[in-house]
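Peer 1: My numbering puts the first residue of the sequence shown at 191, with every later residue one more than the last.
Source of the hints: derived by calculation from the structure; they are not laboratory data.
Model, not experiment: these values are computed from the prediction.
Any given hint could turn out to be false.
When the alpha-carbon atoms are kept at most 25 angstroms apart in a straight line, the in silico SDA-like pairs for lysine to any residue are as follows [to be verified]:
1) LYS529 / PRO403
2) LYS345 / PHE325
3) LYS340 / PRO199
4) LYS340 / VAL503
5) LYS489 / VAL343
6) LYS340 / ASN539
7) LYS345 / GLU376
8) LYS323 / GLU368
9) LYS340 / GLY477
10) LYS529 / ASP439
11) LYS323 / GLU358
12) LYS323 / ILE366
13) LYS489 / THR386
14) LYS323 / LYS247
15) LYS247 / GLY477
16) LYS323 / ALA341
17) LYS529 / ASN539
18) LYS345 / THR194
The calculated label-pair distances, taken between Cβ atoms and stated as ranges, are [unchecked claim]:
19) LEU380 / GLU200: 42 to 52 angstroms
20) ILE526 / GLU351: 39 to 49 angstroms
21) THR352 / LEU380: 24 to 34 angstroms
22) THR286 / GLN203: 50 to 60 angstroms
23) HIS442 / PHE474: 15 to 25 angstroms
24) PRO251 / VAL483: 45 to 55 angstroms
25) SER283 / ALA254: 18 to 28 angstroms
26) GLU252 / GLY324: 47 to 57 angstroms
The beta-carbon is built from N, C-alpha and C at its ideal position, and this holds for glycine as well.
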Amino acid sequence: MPLTYIPFPEIRQHERVAVVDSTHPTAYLTLSHWRGAPQLPGMHDDTSTGIVLNALKAQLPELAEVQGVTNNHWDIDGFLGVWAMLHQEQALSNDTLLRRMAAIGDFREYEPQRPEEDLALKLVCWLNAEERKGFYAPFDAPESAAQEAKASVPKYTYFLETFSSVLEDPEAVRAIWEPEYQRVREDHGLLQQRGTVLDYPQVRLRVVTAPRPIHYYALFANTAHVDMVLSLYPDGQYELEQKYTTWVDVAHRKSFPRADLRVLARELTPLETHGANWQADSPFDTGPILRVVAGPLTKAQRFDHPTSRPFAVSSVPEGQLVNRILAWLEEQYSGILPKVNWTWTETRNFHNPS
């Protein structure tokens, strides 16, 4: 029986279903980097796509028994993992390219020095553009997870039908991927020419100064070695973000447990001279952001690029802000050693030591 895509809401109607980039209690096989998901010995990787490719390369015996594959949401990493299960030969022949696409799409970690990165970026930009044009932006579906699982099915239907041909001839769809592709390259060049990048490895923080908000793929370029990025834009426009890499169970990088940026927000607000207020998301959010309040942001806005978000102005000078954040992080992580994969229980205990 050929392997087929199973819409996630229908998983209980089928046997021997592989779940990619998510979890389900009835899954026959789980191939996911979600924190706490079952891990197959020797198969784990930073992205769910990487896990799938590792399983395919190793000819994991359980794969021969799988009859269907599914995911409870659509994003680039999850889609590529599902697609790879359904197009195994083509996936293995594009192994490195797919891994880089997953890292760009899921972690925003564009690494332009890699030989395959240019093509990976083009294909990611095609997926982004087609998703926004034909469906809905990430996290812009109805709020409940059950509705997202249902709403994402047409995305899978469309992209599973079209991606193979685009992978073979990306130039045929240049008009679709080129606008975002050029924006990423422009913003990356802007950062190199007129910005600054400073790393503070003792707290796994990167501080980026740029003349304007930039695309995430440029902002998070070459940041696999850090857990957080502090963005400093002109006129007191600031953001500190904890990367998604510290929400999932990665395989090849150590990190600190997520500090609670809401505590830091309460310490920064009294520094403001014009009544501005700082706010932050829970450390259990997929990508917590600390910033001056500029009105409520939806999950879709927080996931979208800094170029698409409204900013409020802070009166705190850049140097003072950086020093305060560094001192706070150093205090939080005093005596803590980075490690691979903090559990949610360990993270909660870090915030509430007994």
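Peer 1: Okay, which hints does this one fail, numbers in order?
Peer 2: Those not satisfied are hints 1, 4, 6, 7, 13, 14, 15, 22 and 26.
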